[in-house]
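As they're listed, the protein sequences go chains F and Y.
Residues 1 to 174 (my numbering) make up the first sequence, in order.
Residues 1001 to 1514 (my numbering) make up the second sequence, in order.
Be careful, since some hints might not be right.
With a cut-off of at most 30 Å between alpha-carbon atoms, the simulated DSSO-like pairs for lysine-lysine come out as follows [what the hints assert, rightly or not]: (1) F:K63 <-> F:K135; (2) F:K35 <-> F:K81; (3) F:K13 <-> Y:K1027; (4) F:K151 <-> F:K28; (5) Y:K1027 <-> F:K6; (6) F:K81 <-> F:K135.
Since the hints were made in silico from the structure, they are not lab data.
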Amino acid sequence: MPTSVKGATDLRKALKQFTPDLAKETTKEIGNFLKPVVKNARGFIPSNSEIPSGWLVGNQKGKWERVAFDAAVARRGIGYKTTPSRPNRSGFKSLVSILNKTAAGAIYETAGRKSGIDGRFTPRLPGSLVGPNQKSQGRAMFKAWQQDQGKAKGAVLDAIFNSAAKFNARTGGK
Amino acid sequence: MADLRIDIASEFVGAKAFKQADTATSKLTKQVSALAKSYIGLVGAQKLARSSFNAVKAFAADDKAAQLLTRSLDNLGLAFADPSVRTFISELEKTFGVLDDQLRPAFQRLLTTTGSVAESQKLLTTALNLSAASGIDVVTVSGDLSRGYVGQTRALAKYGLGLTQAELKAMSFEQVQERINILFGGQAQLAANSYSGALDKLTVAAANAQEAIGRGLVDALSVLGGGGEGGLQNTIRLIERASTGLETFIRRFGVGLAQLKALGTGNFGQFVAIGQAEANRGKIPSGITPAIAAELKKAAAEKASLKRSKEQTVAITKQTKAIKEQTALQKAGTIFDVEQTQIVAALKGKINEDERKRLELQLALLTGNTAEASKLAGEIGKAQGLSAGLIAFLKDLPDAKNPFSGWKTYLDAIEAQVKRIATGGTGGTGGGIGGGSLITGGTMSNGSGTDFTELVPGLGAGSAFTDPRLGQFNVRIELDGQELTSAITNVQTNNSLSGKQVAVNRRTGTFATP
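Looking at chain Y on its own, in the form it has when it is part of the complex:
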């Protein structure tokens, strides 16, 4: 909390504060300037180092590409063409302003595809034209052309040749190449003659200069190492030794300082201990160097591994032997197993599926094949379950009645009726000739009770219908049971055909027509 105060007189010292700030800024500016100068020097040195490194790197990349191309030519049996190819690429580089870093891989692709230096040179020129026209780098273009050379012309469509995929497929590569030359011929030369091309040429010159400087640096390092084949290696070893020496110097400088401090405090024991620690640095009290210790450890590990491997082999051999013995014993036991033999014999006989399964289950149980036994037991159980279900179902079914059992009664009734008609009696309310003899005293009436005797003059009730002009005659009806059955059958058949089905319910024993 700020003090609670009443200011009686104050002075504005902001100006001074600004002055102080100004002074501080001036000092800072001077310091920054000095720092900038130092930094520029440092950056300059760094730039130089970086440039040198880049130059060496560029030279290395160029040299690698050149050697790869040379090896490709050699592998294709075209080693004789190496100088001419180098010249060709160098000329192309100068003419079209395209870096050899791109031309070499492009040419290599074409060369490995075509196998011909002349063809590759022609295609590379085409690729340069196409590249200049499309803006796609020459390596990609030559890759597409090399694919087109072997029939994969799909990738060429993107260059806007005015050809459909179908046309590209149908055309030969020579035709496609001719079209490319017609469409884009001279584009590379035109591009090279433009300002952009001039800049590209400058870039090429700079890159070549960088490579030349890099080559010079590598040569210089090689010369530093004594020159010749192993010169560079000698330099590398020298650098390694120098760095190791520098490391040792820095460390021992620190040790010296520590010893001086110990001397200053009069601690001679510590002084000696520091010296001894440095002298024994990297050594093991037993005299075994780290390298030897590592070798010993490696040998011990190998020995242990070998031992483990041998033990595993022995264990596997023992296990295999035991399995073999067990199998042999089992097999021998199987031969003399009478029960098993019987089952096998039964299986060979003519048996149904259910019996086969049962026998197989028995055999599986005997041989200890638990998986098979379990499977078969399941199947048999299932079959048994189904059979039991079926039996229970059939048992529950009611007895089927004879559908023709009622026929006899029916037929007997018909027969009785016929007999009754034949014997002449009338009966019932139906119309027709009444019972009794028509001649000897029967009455003639219709169904409503009208007596026909009134219609015949002189024919009274119970009187005989006799006409002397007609003479006496007798009517006799004899019915054959078979014919009657046939008639009924015919009627039923006709009814069936007419759509009047006879319903016979076997289960309930009913018999009816609709």
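Next up, chain F with everything else stripped away, as it sits in the complex:
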């Protein structure tokens, strides 16, 4: 469950409009807190030699070609985002998030979450699922997030609150 921050979107808009430098500073500060997590997560992505050969790019044809694994691509697919997303069905808008965008990366991240480590594929994957519950389990990004133990999260929130305070200080608000 993400932490709900009331007024963050308005703050971001205000920062960009009235204190662009502060906006950039805040974005950079948040990025600095998230980059280690992302770097750690990318490190959990295995190399091509560790992956079952049939899943590799070049061995998959047709519709499965899209989800074929390439370590470089899967690593690049893990990143962070500081721009607000569109509201989801529940009305929540994500302000800051870490992403695993590629299909192969997502498969490596979550394979075996529901069906368990069973069959001919998931037991051959390196790494293990880490996470407190099924929805938060993963082998790379979620694992790195778990290992971070909420430090990045706290820092990001502090950065947002600090920027709000700075903004208020500059604009004379409370």
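Please arrange chain Y on chain F, whose structure you already have, making use of the hints.
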């Protein structure tokens, strides 16, 4: 597939979404209100138009009913009663709250049946009472009454008069009417004085008002067309012209726009072409208008039809002539046909059925009547087949033997036996007097060999039975063959009557009694 992400910080923007939805709803409400106002205006205009149309329609229906009634009165020679009938119906309408739309057809039905205005008025009043009591509309009731007036009282049973069908049939219509009046008299007045009746009266007033408005509108349209007899027609023509003019205006507006577009693009050729196309619209290059073309086509079709008809007539005439000639020739040929004449003569003679059929077949073959020939050939063939079968059957039958052929032997044996008895010899094992002369040395014995000579003292075997006291006597038996036959016949007859049938099998030649 949704991105796999970890949300670090989120904001709940549902409230804003709701706000947006609220704003959108408010805008929509305002727009709907504006639309509703416009719609109400439109509906109002439509309602007005619809009401006007209904008013004109109601007036037209009322006027039609009134004219029909007037024509009925005129046809019955009761035209003089038209004003009084109008007044009567108008009064009834006001009194009982029944629309003249119903009263006029009801009265018309009764009038055409009875042929009397006074009788119809009386029956209409009865019908109103019956209608008020039964809840059935007055037109149906008057229809039933008019049928009852001419003797068909069956339909009146449904009004609950307390009469059986038999009673209804037996009673005259006056009696039935009297019973209706007794049972339901005053019901219409009572109904009219009730609240329901008051509402009906209001309905009548509204309907009359609608008719009056309709009349006014029609008059107004008539006045618009110049008034008088042809005023309405003039208005109709005016409307037609106006609609045609509007159609032309819309079309030419479109043409103008197209020409402007062509001018805008600098395409003068297209500009001129569009103009010319509009100018030549509805025209045919040859100068023949569609109406003339249609007339020409119709005339050509008629001409072709006439030609076809003539050709058919000629063909039929030729065919008839040929048939006649052929028939005449055939008839002439028949007269001089000797063979045919002989057959006809033979047919006139006394002949059996088989011969007749054969002759008829010959005649049919000669005259070429294939159907008859085929039929007769079949019948003869059938008869021949039967005859052949019968002959074959009789041929297979064994010769019948003479049932009396054995009689001669039998009779001869009897005769021989009799002769033997007569000559005196005994023989066989049967009892009786043995062969030979009883006097001159025969023996007397029974069937078991007992010699009777022992019973007679002094009578030895082979000795003569002589008694000097008796003297000498001779016994002679003579049998007539005819009598013997008669006796046998009598015996057989008796046996037959006693149930002992003589079986004579003709085919096998046996003869026996059971």
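Each hint tested on the structure:
At most 30 Å may separate the alpha-carbon atoms for a hinted pair to count; K63 (chain F) and K135 (chain F) meet this at roughly 27 Å. For the hint pairing K35 (chain F) with K81 (chain F), the CA-to-CA distance comes to about 11 Å; that is within 30 Å, so the pair holds. Straight-line distance between C-alpha atoms of K13 (chain F) and K1027 (chain Y) comes to about 27 Å, which keeps the hinted pair within the 30 Å bound. Between K151 (chain F) and K28 (chain F) the CA atoms are separated by roughly 17 Å; this keeps the pair inside 30 Å, and the hint holds.
As the CA atoms of K1027 (chain Y) and K6 (chain F) are separated by approximately 28 Å, the hinted pair is consistent with the 30 Å bound. The hinted pair formed by K81 (chain F) and K135 (chain F) meets the criterion: a straight-line CA distance of about 20 Å does not exceed 30 Å.
In the structure shown, no violation is registered for any of the earlier numbered hints.
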